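Since chain F is already given, all that's left is putting chain X on it; use the hints.
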Amino acid sequence: MRRQLPLALVFIFGVFMIVQYFVPHEYSEWVYEFLLDWITIIGIFALALGIYSLTHVSMGKIRNRTPNWQYAIVTMLGLFVMIYFGFTARTGDSWGLYFVALVALTLGISSLTWGAVETQASRRKIGFAAGLGLLAVFVLVAVFDPSWKFYFYTSEGLQSAMFRNFFDYIMIPIQSTMFSLLAFFIASAAYRAFRARNILATLLLASALIVMLRFNPFLGPVGEYIAQTANWLLNVPNLAAKRAIVIGIGLGIVATALKVILGIERGYMGRG
Amino acid sequence: MKRSSYIIMAAVVVLFALSWIFKAMALDGETEHYITRAFLVTFSAFLTLAVLSFLYRDNPFYKFAEHLFVGISAAFWMCVGFWTTIVQNLIPRLSQPLSEFFEVPYIGGSFSIRFYLPVILGILLLLRLSRKVGWLSRWPLAFIVGTTAGLNFVRYLRSDFIQQISSTFVPLLGTRWEGFGHFFSHLDLSATGQLSMILANWVIFLGVFCGLIYFYFSKEHTGVFGKASRVGIWVLMFTFGASFGYTVMGRISLLVGRITFLFKDWLGLIS
Numbered sequence: 000m001r002r003q004l005p006l007a008l009v010f011i012f013g014v015f016m017i018v019q020y021f022v023p024h025e026y027s028e029w030v031y032e033f034l035l036d037w038i039t040i041i042g043i044f045a046l047a048l049g050i051y052s053l054t055h056v057s058m059g060k061i062r063n064r065t066p067n068w069q070y071a072i073v074t075m076l077g078l079f080v081m082i083y084f085g086f087t088a089r090t091g092d093s094w095g096l097y098f099v100a101l102v103a104l105t106l107g108i109s110s111l112t113w114g115a116v117e118t119q120a121s122r123r124k125i126g127f128a129a130g131l132g133l134l135a136v137f138v139l140v141a142v143f144d145p146s147w148k149f150y151f152y153t154s155e156g157l158q159s160a161m162f163r164n165f166f167d168y169i170m171i172p173i174q175s176t177m178f179s180l181l182a183f184f185i186a187s188a189a190y191r192a193f194r195a196r197n198i199l200a201t202l203l204l205a206s207a208l209i210v211m212l213r214f215n216p217f218l219g220p221v222g223e224y225i226a227q228t229a230n231w232l233l234n235v236p237n238l239a240a241k242r243a244i245v246i247g248i249g250l251g252i253v254a255t256a257l258k259v260i261l262g263i264e265r266g267y268m269g270r271g
Numbered sequence: 000m001k002r003s004s005y006i007i008m009a010a011v012v013v014l015f016a017l018s019w020i021f022k023a024m025a026l027d028g029e030t031e032h033y034i035t036r037a038f039l040v041t042f043s044a045f046l047t048l049a050v051l052s053f054l055y056r057d058n059p060f061y062k063f064a065e066h067l068f069v070g071i072s073a074a075f076w077m078c079v080g081f082w083t084t085i086v087q088n089l090i091p092r093l094s095q096p097l098s099e100f101f102e103v104p105y106i107g108g109s110f111s112i113r114f115y116l117p118v119i120l121g122i123l124l125l126l127r128l129s130r131k132v133g134w135l136s137r138w139p140l141a142f143i144v145g146t147t148a149g150l151n152f153v154r155y156l157r158s159d160f161i162q163q164i165s166s167t168f169v170p171l172l173g174t175r176w177e178g179f180g181h182f183f184s185h186l187d188l189s190a191t192g193q194l195s196m197i198l199a200n201w202v203i204f205l206g207v208f209c210g211l212i213y214f215y216f217s218k219e220h221t222g223v224f225g226k227a228s229r230v231g232i233w234v235l236m237f238t239f240g241a242s243f244g245y246t247v248m249g250r251i252s253l254l255v256g257r258i259t260f261l262f263k264d265w266l267g268l269i270s
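Keeping their order, the protein sequence lines are chains F and X.
Per numbering that gives the first Met the number 0, residue 0 is the first one in the first sequence, and the count goes up by one each step.
Per numbering that gives the first Met the number 0, residue 0 is the first one in the second sequence, and the count goes up by one each step.
In isolation and in its complexed conformation, chain F is listed as follows (with noise of 0.2 Å):
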């Protein structure tokens, strides 16, 4: 039951999910559209999982005091309120209790993390006391309180004002500007090995130096002969190179694939 039903059920789809796509029957196409729903149900479950990992390395972090525990309340922080906003919206014209409610259900998590990581009894006590009664507070000011609510109409939780802003203001500028970082440090790893020592360092330093200036306004009508150079080299040097990296990927995918199924890799299943 440990080890031989997983093994049985990964042969069983495996298998089931080869043969469909050579039987052009309806049943074999609907069986085929609900596994795959399935697997994004579950997924899901697997999300939630993934959010408890977080919520524990971080306690973990903050209990044993960890070099730079202090930014795991930052994430903390983060993941709570950012699921705050994503559950609640605003219902009336003012915004009522509903930041009131924020700080008591922020403080409440703190204070019983508190409780949690703290180590002397008496200061536990305290946390946990307090942590309770903020989240008393969350709890009358979300039954009292009309200005806002739990959401649950469809996915227009997700269209709650704090839970775009959060979205607009706080997760893009971050995420474009840590990938804007990478072209200061591709630009310092060019330097060093965009040197033409030999003819093939030559083609690298050739090729994306074209593909580079190709959109440069400063060129005049030269510029029009490397846009039209980059876009031969993009559309079939390129192409023919990538073609020959894909075949490889698309071999070792197959061949990982009949791996799993065949029971070969267990990777998978952990220990035990």
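It is possible that part of the hints are untrue.
[Stated by the list, open to error] Derived DSS-like pairs (lysine-lysine); straight-line CA-CA distance at most 27 Å:
(1) F/K60 - X/K62
(2) X/K218 - F/K241
(3) X/K226 - F/K241
[Claimed, not checked] From the derived model, a few chain X residues whose C-beta atoms are all more than 12 Å from chain F:
(4) M24
(5) G133
(6) E177
(7) G222
[As the list claims (entries may be wrong)] Now the in silico label distances, taken between C-beta atoms and shown as ranges:
(8) F/P66 - X/V169: 27 to 35 Å
(9) X/R56 - F/P220: 41 to 49 Å
(10) X/S3 - F/I198: 13 to 21 Å
(11) X/L126 - F/F33: 18 to 26 Å
If you're looking for bench data, these hints aren't it; they were derived computationally from the structure.
Just so you know, these numbers come straight off a predicted model, no measurement behind them.
Glycine included, each C-beta is placed from N, C-alpha and C at the ideal position.
This is chain X only, laid out in the frame that chain F set:
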């Protein structure tokens, strides 16, 4: 922490507050919630600068932004997953009372029972947290792994292998070949001419062939095989260079976007 660190922190807090006040004054009259918007724009600018400060070296501001991003993005994807998959797709198929509670139209049919099974499998997956019955989580995992492996087997065999090989066998003399006489009498050197097409097709065919030879490590790269492998690495170098240039341009455009945000939305220096 050192005293200088506290001074820097205090300076950042003061600058943040000043920026918030000035931004709110600038937005007053333009938008309804100008204080909230001013805070969000200022905070966004602070986060942008905090991430860029990593160029100097790792520092508390960068770490703050990094950890905040981890927490917020995890919560974001959890909320999106909950609302779009669980509420919109699963609940309407599971039960009518739940659909009414979430105010989504109930669409369950006679086979709606099949959607209880993934919920049970999902709950089994959560048992991974238990030491005693954690092994039960292997069942849903086996389902996902098996289904995905079978799916990928066919999908990648078709798209990454058969279709790629099929596309590589291009007509080496072009699609409009009518003999050498016609070819030389109508010689066209333009980018869309037949000569360019023939050249491109040869480069693609030989490029893929030689590229694959370069990745074939079961035979020593000597003689004709070695020469083909050498051509393969030349073609690969073109690709790596082009991909590098493409990536750099993509990152630069992101950087331009952030700089524009700082100078336009935050400081208001450019219109």
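Verification of the supplied hints:
| no. | hint | in the structure |
| --- | --- | --- |
| 1 | F/K60 - X/K62 | holds (15 Å) |
| 2 | X/K218 - F/K241 | holds (22 Å) |
| 3 | X/K226 - F/K241 | holds (20 Å) |
| 4 | M24 | holds (19 Å) |
| 5 | G133 | violated (8 Å) |
| 6 | E177 | holds (24 Å) |
| 7 | G222 | holds (20 Å) |
| 8 | F/P66 - X/V169: 27 to 35 Å | violated (58 Å) |
| 9 | X/R56 - F/P220: 41 to 49 Å | holds (44 Å) |
| 10 | X/S3 - F/I198: 13 to 21 Å | violated (52 Å) |
| 11 | X/L126 - F/F33: 18 to 26 Å | holds (23 Å) |
Violation of the numbered hints given earlier is confined to hints 5, 8 and 10; the remaining hints are satisfied by the structure.
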